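Please put together the full structure from these sequences, using the hints given.
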Amino acid sequence: MDRLKSFSVINAFLWLMRAAIIAVVAWGTIQTILNNTTSTRAWTDFVIFGVAQGSMYALIAIGYTLVYGVLKMINFAHSEFFMSGIFTATSAVAIPLNASGFMAEHPFITMILVSLVAIVVSVTVALLTERIAYRPLRTAPRLMALITAIGASFFWQYYFSGLLGSRAKGFPAIDALKGSVPFLGTQVLKTHILVVIVTILSLLALNFFITRTRAGMAIRAVAENKDVAALMGINVNQTISLTFVTCATMAAIAGVLYALVFQQVHFYMGFIPGIKAFTAAVLGGIGNIPGAAVGGLFLGLFESVGPSLFLQSLGIASFNQLKDVIAFTMLVLVLIFRPQGILGERLTETKA
Amino acid sequence: MSKKVFGLLGLLTVASLVLAACGPAPATEPPATEAPEAPGTEAPEAFECMDAIGCVEVAAGDPIRIASALVISGPNASLGLDSQYGVEIAIQFKGDVLGHPVELQAEDDGCNAEGGQAAGQKVVSDPSIVGVIGTSCSGAGVPMAQVISDAGYFMVSPSNTAPSLTDPDQAWRPGYLRTAHNDKVQGAAMADYAFNVLGLATAAAIHDGDPYTEGLANSFREAFEALGGTVVAFTAVNVGDTDMRPVLTSVASAEGGAPEFLFFPVFTNECVFLAIQALEVAGLENTVRAAADGCFSDTVITNLGDAEEGMWFSGPDLAYASATYEEFLVAYQENYGSEPLSVFHAHGFDAANMIFACIESTAHQNAEGDLLIGRQEMRDCLYATSGFEGITGTLTCNEFGDCADPKIAVYEIDGGEYVPVYP
Amino acid sequence: MSKQLNFDWRRTLLQGSMAGFISLNISAIGMVVLFGERYLIAGLITMGQAAFLLAPVGMAYAAAKSTLGKWRILTGLVKAAVIGLVASLFLVFLVWAERIFDLRSVLLNVSPKLISFLTFGAGADQGSFLLPAVTVTVCLLSAAAAFIPERIRKALFFGLGLTALVGLLSPILVERVRNFLGQSTVRVLFASNALQLWPGIILASAGAILYAGYGFAASRLKPASTPKSALATRMARQAPLFLLLLSLPFFLGTYLTEVTNNVGIYLLMGLGLNIVVGLAGLLDLGYVAFFAIGAYTMAVLSSTGPLGIGLSQWVASMGLHPGNAFWIAVAICVAVAAVAGVVLGIPVLKMRGDYLAIVTLGFGEIIRILALSDLMKPVLGGAQGVLQIPKPSIGSLVLLEPEKLYYVVLAAALLAAFISTRLRESRIGRSWIAIREDEDVAEAMGINLVRTKLLAFAIGAAFSGLAGAIFAPKLTSIFPHSFSLLISINVLSLIIVGGLGSIPGTVVGAIILVGLPELLREFAEFRFLMYGILLVMMMINRPEGFIPSDIIRRELRASESENPTPAT
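Residue numbers (the numbering used here), protein chains in the order written: chain Y, 1 to 352; chain S, 353 to 775; chain B, 776 to 1343.
These are calculated hints, taken from the structure and not from any lab test.
Don't take each hint at face value.
Said to hold, decoys possible - The following residues of chain S were derived to be distant from chain B, with all beta-carbon distances above 10 Å:
(1) Glu-400
(2) Asp-403
(3) Cys-463
(4) Glu-466
(5) Gln-522
(6) Arg-573
(7) Thr-620
(8) Asp-669
(9) Tyr-677
(10) Ser-738
Unchecked claim - Derived DSSO-like pairs: lysine-lysine, alpha-carbon spacing no greater than 27 Å straight-line:
(11) Lys-169/Y with Lys-888/B
(12) Lys-72/Y with Lys-226/Y
(13) Lys-72/Y with Lys-1125/B
(14) Lys-888/B with Lys-446/S
These numbers come from a predicted model, not from an experiment.
Just so it is clear, CB atoms sit at the ideal spot from N, CA and C, and this is done for glycine as well.
Written out as structure tokens, the structure reads:
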């Protein structure tokens, strides 16, 4: 950090940039608050939507973070773990069962089945990817691993597009989850409540798994130092596979939640959430599990609240289009102030 | 490494050697086919290309080759595949044209400008191709129209709707035609319905940054204002957005007051979210909602649930009540194992048949069955298409290639189906 | 007995199952059907059959080749037969499953057409015997190939590979052959986009013989051809290459030149990114931003439509063709892109590795979204893009066709390659490499980190801006959707597949990852599938790229050993 101190021009530029961004944000915010065109209920809604969206980002971001912690690579194919499970489960389970009327009668059993199939497919895809594409490259430079991951991502996208079709498939709606319930003076969609609850439970389970079980400890040990872990009698290959299983399970759960909320799945659906979750993981501090959760939440909130809060009053045409601009600008801003992300970047005991 | 290079060079050498070796042998043959020996034919000079920009020669027994350039990969693949299947079925139904089978060379327009240009260059480098059915996406159509036009070919698009493509001041080039409707028609139809039928004076439009939705939203705005209405808000969401409340709230608090009519011609996902959430935003409770053909899907009907009440959809009139269409659907199911993937299959079918009709009426044929298809004659014939009966209606082309019989209907959802209510 | 024969049943069964599994998947995703419509050799073999037989054949060959011991030929053949049988049983299973269940409602591509392809048109009953019989036969043949002497085998494979390649690319070759040798030659050599049988056989045997002959000659001549060449001889050697480059459009024709131009534009970007990633080690995933900036600057400057600011009209008012505005605009585009490189480079100076990657990715997206937005619509056209960008012209000669535009691309690529080479061998190039190796050490050695990094960003951006400036008039219209993240990914992939830091490598990478998919356009979806497989296989089998730079090669060797030695 200090090594750049002497370059005052650069520093001045950076400060100018920060000041400009903060000024725009502050000015927009003050204007919005003064104009007060948006009701309190709307603000509550924004926050709730942001939390729901952020929860899904968090579940996917966990995958990026865990793999990064263990292999020090950006697993670009993670978004395909997310897609493959629910896309297959929708095509092979949900749609046929809905057509036969079974789903309407036993929505709970159907959802269990859908989740199981989604998890099994995602895990299979993840294990195959790890075994075939990543394992041979474990000692190679990280750039090679990144390219491999990009290749794997392309492969799975078009594999599933060929297998199940390139057309978007509707995920049947479940009656019990339709509609909304009153909460804090507004209406919250039942699916959103489910998303938040399932995310919290999953994260708690993951935390328990990572910190309290032997397998979780093995994952942490491998993340810390593969060679030492191997000396301690940990089977490194098995542990890395286990990491992928964990990641893929989280991604599959996120996929099921996605299908419940958005009710439409297709082979390309992983791409955008994948990029966002990756951003969230970096925002929180890559390699850091709570960081991924915090980053996901942060990103979800920024996207939801940001445009209305910052840009609405600046007279910008179609300001909602600039949602991602806000998200990425915030990312840059956070990283300029804190280059390791919000919570720092290690997968160690103290922070995990 | 040099081994690889030499390998490559070797490959080239071998290829050229083989070509050279095989070259002279057949050289003795051509005179045989070209010699006008067949008795009872016209004088040989009569069978020469008299066309202003050249001809396609199809020897007896060879197929007539047309190309398609539609989006058949990537996220929009179902749009292009749907049209391509329509063309393939047209070829299947047609059988032979003037005694020649028809061969389709399917290219991918990639739904972007680069893809359109590359596909166009590929097509025009092959002199045996008569014409192109494509592109799927308007963005691909703009550069492709230029390439195709410069090379003297023609293209008939089954799904470009951007107004600029048939505007001679913008992207139109001679040789460009389409069987899809112009966005202007659909925008105007919706504006007409809102202003004249529903009697609403203020409106808002939302698009999603896609050229199609943006174009349609814009044509609606222009048409609505031309009718004397006021557009109080014109804004956009992103593809992939789920939370539409912010944008809807800003629409509701527009300076001109909350709109009475809200038009969002976006695609299924965003469409459903806009439709449902608009009901929950303060100020929009009584606003009439409307979407366009991007929102036509079974999933929309299921997912909208009760929110379909009081909502309208504009789109091409898909009630193709013809026996041909019945057969078409059967063939589609048989060949591709599904219902039509999208809405522009019939337009592809019609585009192909328009081309066949023009080949039949303009091609010159000698007694051996050889064909000469004049490129300018084909263009003239296509632009002169008038009263052509297709599945999508009666097609008549104007001088800038708008051939569609633009039957735009306004639908509502009734009993789990889109039912046309207007006109 | 089985030990003596070195016969590992479990392994062989496993290999057979793997081959079968792969074939099953290739069939289920629709590759066989799509490829089935294309004959490699007319009337003999379709690409679809080649596709589903490839895995068992390859596996049988590998199994036979690895067989050792006294009875190795017999054992190898038995293994091949078992593999073929097991693999074909998977497909027979698919055939029967399709007959009994309604698989197609889920697996779209398991269609009656697929079944007819798999059973060679014989139907499920007879096909259940025919399919294993054919598979086993070809597996036996391939296993037998493993036992013939290496020289002959290699020559044979070369011949067959050549024939397959020519068959694969025959739609393009047809057009070229027609152009040079006339339609009658085409009819002898090709039938409906495939090789005819006899030319195919001749090509295969000619290829094999030539390869064998070349191998023989090369083994004799080798010692003579390695003296260090002086500058003059090097130039003399490069002269034919240069002539070839100049005359390329003549040989390639319109379409292939168009493809070459696309390759050239990616090559330009690749050369630029090579400086940023390959030399300076700054992982940039938002490289498309500068491409977009270059393209949009060109579009706004020179468009004759409502969005243009009138440069073309001004040039036209001087009595020149409006296309001449290109030459003024291109300099501005490069400058604007370079400035943008510095401006976007400053915030990321302190970031490393993956943080840098995601932030640059963000920049790329920000630029794209801004170009798309209604906010910038009055200037950049929003979703409808900028139309009516004139093609460049020299005086009154309009570079309308790809064949003419090619020279602009060629000049730009040569210039970029020249600058890259000179820079890499200069002091600044060594500074970049030093930064890539270790920033702290580099700084301790007196390298000005800020200036060096920003220079890398600026030059990289300038190349990309130049590519964008050529791209815009080439298309005559640009849309924000052309500047997606996939471009950045593609450029990054091509420099790594080609060989990081290596300029010839970038050329090869661009040809393989941009040119080849373009030529295989008709295979639509599966282009990306193969692209993915290629990336993975490439990284596993040849991580240093096709033509690696010396430094990277040494590094990879070093990292494999226990004690990594620092690179030079």
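Margin query: Hint compliance check: list the failing hint numbers for this structure, sorted ascending.
Written below: 3, 4, 5
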